[in-house]
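Enquirer: Residue numbers (our numbering), protein chains in the order written: chain V, 1 to 132; chain C, 1 to 290.
No wet-lab data here; the hints were simulated from the structure. Take these hints with a grain of salt, some might be off.
[Claimed, not checked] Derived SDA-like pairs: lysine to any residue, alpha-carbon spacing no greater than 25 Å straight-line:
#1 82(V) with 55(C)
#2 160(C) with 30(V)
#3 130(V) with 30(V)
#4 130(V) with 21(C)
#5 160(C) with 39(V)
#6 82(V) with 169(C)
#7 102(C) with 71(C)
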Amino acid sequence: MPRTKTVSTVNLCARVEELSGENVFACYQCGMCSAGCPLTEEMDRLPSQVIRGLQLDDPTLLDSNAMWVCASCLACEVRCPKGVDLAKLMEALRQIMLRNALDNVSIDELTRDQIRELPQIALVANLRKKTG
Amino acid sequence: MNGIPYFPGCSLKDTASEFENSAFFVMEKLGLPLIELERWNCCGTVYSLTADDLMHHIASVRNFIRTREMGADELVALCSMCYNTLARVARRVDSDGEARDKINAFMDREIDYDGGIKVRHLLDVLRDRIGWERIADAATRPLDGLNVACYYGCTLVRPKDVSVDDSENPTVMADAFDAVGASVVEFPFATECCGTYQVVDRPDLSLERSYRVLRSAARAGADVVATACPLCQHNLERALDKLGEHDGIENLAIAYFTEPLAAALGMESDKLPEGLRSVLESRVTVEGDA
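Using the sequences plus the hints, can you model the full thing?
Expert: Put into structure tokens, the structure is as follows:
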């Protein structure tokens, strides 16, 4: 079921701007963020397309996997010529889902062996980013 | 205080104990021992990026209060994720009085935090406090012949306002290895993401990223990939373990940057991890080995 059915997408851009403190409309779509992003091939939308979607208040944006693939590596942040912190926009999108109790990861789905092999730094960071 | 307050974080007491041990050794040798912060707690692991999320900054602020209680005004981290989280929280509460007041009001059993703690990474302590010349002088077993790829990853160098060096072309780790006689190889993946915490639910993605880092380092002629982050270390080791037979990455050793430095400063080889030890034995030309 598309998640947008359970989360309001009204005023999505304004909510993301408030949560992130960023100005979405500073972006002029040069694509530098998408060019430098190490994880675009795993995303169903490019990072620059996520910002464009925000500018247009695209209600399908919350169905995209881009915000969950983004690892906050900040390659985009240091290179944006307009000073837009895209990682903060991605975090705001994640937070909109998480604050609606829509976790992206469930620790119950990890096996005991997986948990044993993973260092705590990975588990805690992942659950901080992908669960509410 | 004869030393510098040190924040360990979770990994340094567990999966990354060799990072801590080698850093203790290096700093003892250099005359500025690491003094563990009393009653430290988790840094928060990742810096919260939403403007209203002050709750997750509390963990870092508590550590700043512990630092103040030691009578200190600086705190050094080894783990680059801890460094990043602590440094970003320090900047946030220093520059945003309203946020600081809210956090102080919430922590009613703590003394108020008044700001001003300087968060450092061990690499900038080595550069700015010790200096490369002193490190070179202390290198009793120089790493001549060892080719090191310095892997910075993300959190040491981004965002710019907490970066230990230039965000796009950092040299601080390379300068440390240069000081102890190693050859530093340039490789284009030095500041690329290893896949980080995605290893939990997207292990494929993390493996692919880490493999590309290793392959890039191997093609540049590295013997050792030096890291500063327990999560980078885990992901790179996992890639070596799972894909080690591909493309000549099998001969790489992956080590915390403090481990080869400790070797250069005289740490006994039986205290070094096996992979690094065998690379050192095969590559480094030693005069009068102990």
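Enquirer: Next, verify each hint and record whether it holds.
Expert: Hints versus structure:
1. 82(V) with 55(C): violated (29 Å)
2. 160(C) with 30(V): holds (21 Å)
3. 130(V) with 30(V): violated (29 Å)
4. 130(V) with 21(C): violated (33 Å)
5. 160(C) with 39(V): Satisfied, since the Cα-Cα distance of roughly 21 Å is no more than 25 Å.
6. 82(V) with 169(C): holds (21 Å)
7. 102(C) with 71(C): Given that 25 Å is the threshold and the Cα spacing comes to 24 Å, the pair holds.
The structure does not agree with the numbered hints 1, 3, 4 stated previously, though it agrees with the rest.
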